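Visitor: Chains as they are written, first to last, in this note's numbering: chain A, 1 to 371; chain B, 1 to 522; chain C, 1 to 307.
FYI, nobody ran anything at the bench for these hints, they're computed from the structure. Among these hints, one or two may not hold up.
What the hints assert, rightly or not - Listed next, the in silico BS3-like pairs over lysine-lysine satisfying Cα-Cα at most 27 Å (straight line):
1. 134/B x 238/B
2. 199/B x 263/B
3. 358/B x 128/C
4. 89/B x 302/C
5. 262/B x 199/B
6. 89/B x 134/B
All values reported here derive from a predicted model rather than from experimental measurement.
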Amino acid sequence: MSEERREPEGTRSPAFRRFVGDTVGALAFPLIAIVISFLIGAVIMLATGNNPLTAFGALFRGAFGDPLAIGRTLLTATPLIFTGLAVAVAFRAGLFNIGGEGQFFIGAITAAWLGVSLGSLGPLGMALALLGCALTGFLWGAIPGFLKAYFGAHEVITTIMLNFVATYLATYLALNPLRSEGLVPGTATIDLGARIPFIGLGLGRANYGLLLALVAAVVVYLLLWRTRRGFEIRAVGLSPGAANYAGMRIGLNTVLALAIGGSLAALGGGEEVLGVYGKMSIPFVYNIGFNGIGVALLGRNHPVGVVLGAILFGGLASGAQEMQFSTDVPLQLADVLLAVILLLVTATKLVELIVGKRARALAGTRLEGGL
Amino acid sequence: MTERETGGETAGATESPVVLEMRGVTKTFGATRANDEVSITLHRGEILGLLGENGAGKSTLMKILYGLYRPDAGSIFMDGEEVEIHDPKDAVERGIGMVHQHFTLIPPLTVAENIVLGAEPRRGAALDLEGAIKATEELSERYGLRVDPRSRVADLSVGVQQRVEILKTLYREARILILDEPTSVLTPQETEDLFSVLKELVADGLSIIFITHKLGELLGVSDRITIIRDGRVVDTVKTAETNERELARLMVGRDVLLRVEKKDVEPGEPRLAGEELVVRSNTGAVVVDGVSLEVRAGEILGVAGVDGNGQTELAEALAGVRRAESGHVYLDGEDVTASGADARQERGLAYVPEDRGKKGLVLDFHLYENNTLKTYDEPPFSKWGWIFPKIMRRRAAEALRAYDVRPPDPDARARSLSGGNQQKAIVARELSGDPGVIIASQPTRGVDVGAIEFIHSQLLEQRSEGKAILLISLELEEVRSLSDRIVVLYAGKLVGEVTPDATDEELGLLMAGQGSEQETTA
Amino acid sequence: MEDFFGSFGTLLASTIRNATPLIFAALGGMFSERSGVVNIALEGLMLISAFAGVVGASLSGSALVGLATGLAAGLLFALIHALMCVTFEADQIISGTAINLLALGGTGFLMVEIFGSGGTSPRVSGFKEVPIPLLSDIPVIGTALFNQSLLVYLMYLLIPITYLAVFRTPFGLRLRATGEVPEAVDTAGVSVWRMRYYGVALSGLLAACGGVYLSMGILSAFTENMTGGRGFIALAALIFGRWNPIGAAAAALLFGFALAVTFQVPQEVIPLEFIQMLPYILTIVVLVGFGGRAIAPAAIGKPYRKE
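The following block holds chain A by itself, in its conformation from the complex:
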């Protein structure tokens, strides 16, 4: 139904008003979801005999209270930006990239390997290692893309299966060919010279990988809205029928979208190894894949949203530790809160009831569900 809006003379241009409307609408429901989720969290806290005010206070303190806390938040957020972008790019092509976890591991083991072998090259070694991550991640991500494009194998299942394959593969490599002598099972430690430097400024172990992540976000934005490839990816994601009729190649874009996603997630893994740990020790515990999905959805599959979402997630994770430390609330509550946020964000009809129909129409992408 077309809405004929009569613009009175002399008001702000329709484009500006639309932009403001779009932004407000886009922010509205994630914010509402967060508020409701916190309320539910408060209820849970009360139910388990805790004081929500002190608990949330500890939560915020642990997230943003002092430079060390902020550093922790940024540290946790950085890999989430990468995996969030990985999911977002795929979503734009109409695909579900649940393989962030596996792609992350592939990147991590690649970085661990190249970081050690090229460690003597210092910063050049680090750059090459990161490049290597992007490459191996690209190839790993291309696998489910290819399987989907040419065999119709649904990427939800293939990416999840490949997660397991990747983690086992990386584990094997870390414990056998790449194993280092030493008490902690895992790879050798990379030379300091080849590592991503810490930012310092009292921010703990937050490193310049964050900068890399932000650059990646900008690149993704430009890719999606300023390049031909991005135009095609978005068209394929929103309407494969029309894209096909326009002469675009759906298979190619499917593979590329998932491959680019793989690259991004792998860079996240590389950043953690090269920037934070300096090695890959087993167990290399993460829940980065699923959290990446949450970040992407919360951020409406837009790079800016992903960055903001990652900071939120990072803050929650960092704050949860403080919360567990100073109160009795287990840190897994943060996971629960995140899951609730996700549920609410995706229940567009519910949000429509609260915020109105226009907000609903601003959903990020049209996703083809169905297995």
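Following the hints, complete the assembly by docking chains B and C onto the known chain A.
Guide: Only chains B and C this time, still in chain A's reference frame:
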């Protein structure tokens, strides 16, 4: 068009009791008043035609009757008593049955299963399949609706599927039957079959409401006709006392020229040619079976035929969207068979597809993105892999204004436009590149009258400029009024070429596969 | 010879044990998907039920109570999924993912709250093996098939029962219709939403059986994230089995075999991690070789809106 014999009158039909009356029904959707104080009456044993254009409000009215919508005002009386119909279940219990334009049959299930769904005969906790089959056979016998209860709906032809839909309503003991555009998917012969079934039904005491925009058919089968225009009842006439011109005038509101004025244009060289094209559908079946045709500069070649005879795949193969299994396609003499849609578009081929929502537009893209859906990778919109939205917007604004798209806002999302405007946006995109060849597949389906006239005039203008146009349409009227030559597609083959003066009978026979020449090249 | 039969028997028994949770989950997934709702939350449903079962058993000392609490948890989470997908028209895959996250976080959180620490819960009374007289004496296969826990016997019964339910009852007819052409069901006067709630609820109950068996039939304890992807494997089995109970069960059996093998193959031959990869690679191979898109229920994945 030949003058139809008015008929279909059952003796004394209009003196029989009133079984249904809708009085003063009003229904508004947002800013649109779909029904405005509409009143109709239906007598027992009569066939009432509900005539109106697309969007006139006929379907809305019937959906209210069937309980799918609640009216904002007005009442419904059945057998003299006022009733409230809350949902289809209510309507069915009161003996109202509806056969929708788009069938609600379940392809993987059998005929019997489809018919009994929701009112299944049981044996204990289990489904009594045998009982279902028996019930189906009984009804089938009684009303002359031949079906095989055990066959899967997916394997049936459209005409037979429609019989299943009717049987569904009869199984639930409908006394009032509503048919919504039942003949849009039938050949003229299947239509005649349907009409005899309807006469059987009214002889048994059923009353029928027949919704259509095809006035010719109503003259053949109905007793009375109510004409609806812009949500209001214009008039109700006795079929025996009216004729085509009057109905057309009532339906559209002005004296409609049933034929559009066409200039004489001397056709030139062939610009689009297909040679022995064989194309398979998605399911692997051969749906275009050795078709050869030629469209010359300055002419419109119309392809008529019932839906599902290969039209879509033929258009797709010619446009390069679907690979032909064998055969060739030529554009201005050049063999483009191996080129994709992209390349053909660059050589001057425009394609207006029949499914604007899923194939023609990316509904969630802005209009400026849709406008460059095929040209986004060419200068000036693109260079070295980058694209320039500002330039896209500017060009789109021009195109949208030139082709009367409302609102002509490049930032509007395609989804927010009405069907007619969406179609015009597609036309704007395809024609503003000054193509040499145009393939238009169902270009005015589901579009309002104003947009239909605009699109038709655009096509004729292109024709005068020496372009070659292939028009594929299910609407015989459209094909007749626009084409210079007409061919008919049946079961993947071209079975006859006629001029626009051909009679309905000639065309109907061809469309049903009974032409005098078995295969033709156009 | 005896040695071969011995290890064959062990392998068969292990296959059945590993396949059981998969079969339960696949059957559950079938009800949901046949009604038109994608259910990738099977993983989370199994996990939360596995946990709830252990909690119930630990608090009451009875395995049956544990089963009841497990079923309740599975049903509850399934209803959340139904609420999101059917009533609030959320994207079904996203909702499923969120449920999985909720289960993961929730079980971790509650592990600490209830049992004091993460990792593995204390042992509870589980569903021990109960041999069926006579049948379990059949040579070679008797012990493997008929000396299993009660839940396994339940699984045997459920396969034919679900088949009959789906293809021979009015409920089954309506369910299938809802997943193919919801408009037809609506116009026939049956509530699409109610059918979908039923479908999803049943998936919750059946997945719960699988989850409870996982924690209480095999281990008698709950370990964090113990489902390890089984919910997704079950989904692949469902697709491989063409959304048909018999087919899905057969496929799940195959995957169960792959899982069983990971415990039996000697590690000197192939490194442990590669053995562990096997079930997952098999799933991919199966999906690729038997592409499931063409025959899914036609209306799956899309919320039903009255026009």
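Visitor: Compare the structure with each hint and give your call.
Guide: Comparing the hints with the structure gives:
no.	hint	in the structure
1	134/B x 238/B	violated (40 Å)
2	199/B x 263/B	violated (44 Å)
3	358/B x 128/C	violated (56 Å)
4	89/B x 302/C	holds (24 Å)
5	262/B x 199/B	violated (40 Å)
6	89/B x 134/B	holds (24 Å)
Hints 1, 2, 3, 5 from the list above are not met by this structure, while the remaining hints are.
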